[in-house]
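All chains, full assembly: derive it from the sequences and hints.
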Amino acid sequence: MSKGVAITGMGIISAIGNNVEENYNSLISGNKGISRISKIDTVHENAIMVGEIAFTNQELEEQAGIPPDNNYSRTALLGLVAAKEAIKDANILDMAAYKTGLISATSVGGMDMTEKYYYDYLESDAHRKYIEGHHAGDSTQKIAEELGIEESLVTTISTACSSAANAIMYGARLIKSGKLDRVVVGGADCLSKFTINGFKTLMILSDTYNTPFDDNRKGLNLGEAAAFLVLESDALVAKENKKVLAYVKGYGNANDAYHQTASSENGDGATLAMEKALKVANLNPENIDYINAHGTATGNNDLSEGRAIIRVFKDAVPDFSSTKPYTGHTLAAAGGIEAVFSILALQNNVIFPNLNFTTPMKEFAIRPQVKLKEKKLNTVLSNSLGFGGNCSTVIFSK
Amino acid sequence: MKKVFINGCGVISAQKTFDNKEFLKEVITYNDRVMPVVNPVYKDFISGGAARRMALGVKMGVVASNLAMKDAQLESVDAIITGTGMGCLIDSEKFLSKLIDNNEEFLTPTSFIQSTHNTVGGQIALGIQCKGYNFTYVHSGVSFESALLDAQLQLSSGEEENILVGGVDENAPHTLEIHKLIKFIKEENTDTSSLLQSNTSGAIFGEGAGFFTLSTKEQESSYAEVVAVETLNTLSKENLEKKATSFLEENGSSIMDVDVIVLGNNGDVDFDGYYNVLSESIFADTQQVYYKHLSGEYNTASSFGFWLGAKILKTESIPEVVKLNQKQTSTLKTILLYNQYRGENHSFTLLKQC
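One line per chain: the protein sequences are S and D, in this order.
Its first residue numbered 28, the first sequence is counted upward by one per residue in our numbering.
Its first residue numbered 4, the second sequence is counted upward by one per residue in our numbering.
Please keep in mind that the hints were generated in silico from the structure rather than gathered at the bench.
Any given hint could turn out to be false.
Said to hold, decoys possible - For lysine-lysine, the following DSS-like pairs were computed, each having C-alpha atoms within a straight-line distance of at most 27 Å:
| # | chain 1 | residue 1 | chain 2 | residue 2 |
| --- | --- | --- | --- | --- |
| 1 | S | 203 | D | 246 |
| 2 | D | 240 | S | 143 |
| 3 | D | 220 | D | 355 |
| 4 | S | 245 | S | 398 |
| 5 | S | 206 | D | 97 |
| 6 | D | 240 | S | 206 |
| 7 | S | 206 | S | 425 |
| 8 | S | 245 | S | 206 |
| 9 | S | 66 | D | 97 |
| 10 | S | 143 | D | 186 |
| 11 | S | 206 | D | 5 |
| 12 | S | 269 | S | 59 |
| 13 | D | 97 | S | 143 |
Shown next as structure tokens:
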């Protein structure tokens with residue numbers, strides 16, 4: 028039986044830490060990264076809570092080692108910081124030595140700069156350098172350049188909140204097919220007025236800490252983050268005697284084909300995604316030790332996802348939790364940061380708690396894991412569900 | 004490895020391409036900086052209410068995919084893979100300008116919902132009730148080719164049988180305005196019939212949708228075989244010849260086998276040099292074809308080039324209007340496509356007669 032695709036490095040920046048170690052420490056100490064917003068001037072500042080990264084753009088530039096005269100969006104800055112950590116972790120010194128690609132994911136792209144200079148662009152040329160930075164592929168192109176990935180497969184996926192999970196999935200398939208020897212996969216999204224107001228109009232932003240799978244859940248907290256993994260072929264791992272953090276064992280993407288934004292009541296898409304991933308992994312539901320749920324704490328998501336989990340796992344639902352109370356919902360990056368969390372869970376044999384949970388949902392009997400739990404873990408399943416009915420599952424194993 | 008065939012096409016562009024029975028019979032020339040699309044009658048395909056709610060890109064995508072499925076006589080597909088460089092610009096601009104103009108008050112969710120990059124893929128899935136794999140690639144000039152490569156991988160490995168693949172981009176006023184300011188769009192109205200002689204910077208922008216049903220099964224309607232596709236984030240002019248040659252060799256072909264090369268020239272004096280590297284060297288004696296004087300430039304314009312290549316192979320004919328040079332072509336069996344945008348995001352696609 029195939030072990031899956033090897034993961035040899037990871038990097039992350041989120042509201043609970045600027046690198047993997049800081050994120051892990053926050054996860055096991057129950058430190059939330061949710062606060063009032065400080066870096067975006069919005070009329071909703073007292074009505075919402077967010078998972079904001081403490082660094083200013085200037086501090087991120089310094090951290091990423093790029094000159095001040097640049098046209099990076101915050102998305103690109105966050106992405107670069109996380110991608111550099113992943114490359115370092117994988118101990119890649121010569122990028123050109125093997126066929127290396129980059130698959131990133133974003134939904135916001137350079138919207139933070141576009142919304143800042145939207146009318147200014149028309150009046151003066153002071154900030155026009157950011158115009159080219161708007162499109163979703165720009166941050167990926169910049170990260171590839173900084174990492175030294177040249178003349179190679181570099182692309183971007185944008186399927187709303189499942190984007191980074193899909194980037195991992197596609198990267199794994201490219202390794203399996205032999206198209207690439209090595210691939211950096213993940214995603215990045217910064218906070219923006221555009222998404223804050225978009226989710227506000229949908230009336231799914233909580234005015235307090237988000238509470239996934241709680242009967243009284245009031246909606247999500249938006250967050251910003253970036254995370255990347257390095258995937259390598261078995262041949263390369265053997266040749267270079269690489270340490271392997273974990274494996275991408277299975278994956279599946281399916282569409283709810285139900286509504287442009289809402290998930291179907293019975294979670295058809297999520298059910299299909301989990302079933303496909305189990306099939307690719309050649310595993311049965313009982314082989315899954317922990318589910319890192321999408322669990323955004325919106326009324327619709329948690330009901331639909333919970334029902335899908337019950338459909339797949341029947342009366343033997345494994346321990347599950349959502350880590351959104353720590354980081355907020357980081358949109359296109361969510362599948363990436365939760366991949367890092369899933370790997371950390373596997374490495375440390377620990378299940379991170381679903382914070383803020385008090386009241387079980389009326390619709391079903393399953394309850395998230397609410398306390399930090401030590402348990403031997405061999406496989407973790409991670410869900411990411413998005414607009415456009417886009418549902419993705421990735422399974423990680425030791 | 005299974006072979007991958009193009010079994011159906013649906014193309015909406017600045018030319019009347021939505022009628023699959025025709026092949027550039029009448030050509031429209033423009034003298035402008037931006038070209039619009041020739042619209043089919045959308046309500047023949049989508050109910051009036053739904054059509055009114057959809058921005059142009061979504062409408063084009065839904066109808067083009069519908070045409071591609073009809074062309075291949077398919078009722079459903081296993082997966083939908085979309086490429087869009089700029090995404091749903093019309094709704095993004097609508098939401099953002101309202102947000103700024105009204106200081107974050109009085110906003111409604113519709114345009115936000117429809118601004119998401121995977122709106123087209125999601126709407127197609129909703130329309131045909133396709134619960135399969137649904138990806139959207141958003142990487143500038145290789146958005147369409149990224150989708151194509153993904154589909155080719157899944158088909159050749161036998162994972163899926165029929166996949167709908169497409170590229171779609173729409174224009175929106177603010178984006179056009181600022182791209183004029185940074186001179187990505189030509190400063191002067193330019194006659195499309197002499198686009199490559201313009202000798203000016205920038206391109207004539209366009210928009211459109213090109214969707215294709217790819218299948219592992221050859222059938223009566225098949226246009227061509229998709230042999231290979233490769234994308235490269237960077238490529239220098241110095242390495243271009245070598246890369247084109249190695250791409251062909253890795254896929255069992257050679258320069259001599261190429262009967263037609265389809266080039267993405269857009270008349271931008273700063274970047275057409277890439278195409279000249281190939282047209283003046285290894286492919287100097289090959290029949291050369293171009294199309295952006297017909298389609299305009301947009302991130303997924305290469306889906307028009309893909310359609311052109313497929314159509315040339317199926318009809319075994321080359322319309323005069325797309326010829327860059329005049330060469331005797333005894334056979335039309337192998338076509339190489341090359342595209343790049345502003346010196347980045349290069350792609351090679353190899354098509355063969357089936």
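Status of each hint after checking the structure:
| no. | hint | verdict |
| --- | --- | --- |
| 1 | S/203 <-> D/246 | holds, 24 Å |
| 2 | D/240 <-> S/143 | violated, 36 Å |
| 3 | D/220 <-> D/355 | holds, 15 Å |
| 4 | S/245 <-> S/398 | holds, 22 Å |
| 5 | S/206 <-> D/97 | violated, 40 Å |
| 6 | D/240 <-> S/206 | holds, 24 Å |
| 7 | S/206 <-> S/425 | holds, 24 Å |
| 8 | S/245 <-> S/206 | violated, 45 Å |
| 9 | S/66 <-> D/97 | holds, 24 Å |
| 10 | S/143 <-> D/186 | holds, 21 Å |
| 11 | S/206 <-> D/5 | holds, 16 Å |
| 12 | S/269 <-> S/59 | violated, 34 Å |
| 13 | D/97 <-> S/143 | holds, 16 Å |
In summary, the numbered hints that this structure violates are 2, 5, 8, 12.
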